[in-house]
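S.K.: Residue strings, one per chain:
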Amino acid sequence: AQSVTQPDIHITVSEGASLELRCNYSYGATPYLFWYVQSPGQGLQLLLKYFSGDTLVQGIKGFEAEFKRSQSSFNLRKPSVHWSDAAEYFCAVVGQRGATNKLIFGTGTLLAVQP
Amino acid sequence: DAGVTQSPTHLIKTRGQHVTLRCSPISGHKSVSWYQQVLGQGPQFIFQYYEKEERGRGNFPDRFSARQFPNYSSELNVNALLLGDSALYLCASSQQFEAFFGQGTRLTVV
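Protein chains in written order, with our numbering: chain A, 2 to 116; chain B, 435 to 544.
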């Protein structure tokens, strides 16, 4: 069965420091992968997506992610974190492509940013 | 362009009651999906509708139902509410495989 694992429940970084959020997926074929960000009490905003092609994808707000098939990973990175990046981040994969395009989400990583 | 709109934003219901949540997709999007997000967890898939037909259903009891209207808006209905139904309910409209989410409806069951 398809699944997504985000090993880090909570991460704290200092403003200006680099960031890497981990995501591992389980999917039989080439996955369609996404990173979403959620501010408290809000909906989900799409940061970036990977369908095929270049394994390093650029997203909004200065985020990027790298797809590594050999490691079944799709880690999110940002070179310099801003205080406004504090939020919860979810990795997701499209499961059962075809009849339904449901998203399977990880449990999320809560990012705190220290001044 | 308006994004995905959901109503109401918050509501409080009593156990055993019924609730209807509404969603308007992005203009031109024909697919609407519903997700339940319990505090501290990732969203869980409930339903997907495309062109008024159910395309997928998650592992939720029959108390949960939904429908999609000719204008592609959608309703999620939950009967016989339980305390455990308290959650943020998210609607997403999609084009191909990219989903755009609304702000959600925060349902509290007391």
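Keep in mind that the hints were calculated from the coordinates and are not lab data.
Certain hints may be false.
[Stated by the list, open to error] Looking from chain A toward chain B, a few residues come up when the C-beta cut is under 7 Å (computed):
#, residue
1, Arg23
2, Tyr26
3, Tyr33
4, Ser40
5, Gly44
6, Leu45
7, Leu49
8, Phe64
9, Thr101
10, Gly107
11, Thr108
12, Gly109
13, Thr110
The beta-carbon is built from N, C-alpha and C at its ideal position, and this holds for glycine as well.
S.K.: Can the hint on glycine 109(A) be confirmed by a CB-to-CB distance to chain B that is less than 7 Å?
M.R.: Interface hint status for glycine 109(A): holds (5 Å vs cutoff 7 Å).
S.K.: Double-check leucine 49(A) for me: the hint is only fine if its C-beta lies closer than 7 Å to a C-beta in chain B.
M.R.: 11 Å, violated
S.K.: Against chain B, with CB atoms and a cut of 7 Å, does the hint on glycine 44(A) hold up?
M.R.: 4 Å, holds
S.K.: So, threonine 110(A) near chain B? Judge it on the closest CB pair being under 7 Å.
M.R.: 10 Å, violated
S.K.: Identify whether the interface hint at phenylalanine 64(A) stands, where standing means a beta carbon of chain B within less than 7 Å of its own.
M.R.: At 16 Å from the nearest chain B Cβ, phenylalanine 64(A) fails the 7 Å test, so the hint is violated.
S.K.: Going by Cβ atoms only, is serine 40(A) closer than 7 Å to chain B?
M.R.: Constraint on serine 40(A) not satisfied, violated at 10 Å.
S.K.: Less than 7 Å between beta-carbons is the criterion; does tyrosine 33(A) satisfy it with respect to chain B?
M.R.: Holds, about 5 Å.
S.K.: Holds or violated: glycine 107(A) as interface residue toward chain B, Cβ cutoff 7 Å?
M.R.: 6 Å, holds
S.K.: At a threshold of 7 Å, is the proposed contact between tyrosine 26(A) and chain B supported by beta-carbon distances?
M.R.: 13 Å, violated
S.K.: Was the hint right that arginine 23(A) lines chain B, CB cutoff 7 Å?
M.R.: 15 Å, violated
S.K.: Hold the hint about threonine 108(A) up to the distance rule: shortest CB distance to chain B must be less than 7 Å.
M.R.: 5 Å, holds
S.K.: Regarding the hint that threonine 101(A) lies at the interface with chain B, is the smallest CB-CB distance below 7 Å?
M.R.: Threonine 101(A) check passes; min Cβ-Cβ to chain B is 3 Å, inside 7 Å.
The structure fails to meet hints 1, 2, 4, 7, 8 and 13 from the earlier list, while all remaining hints are met.
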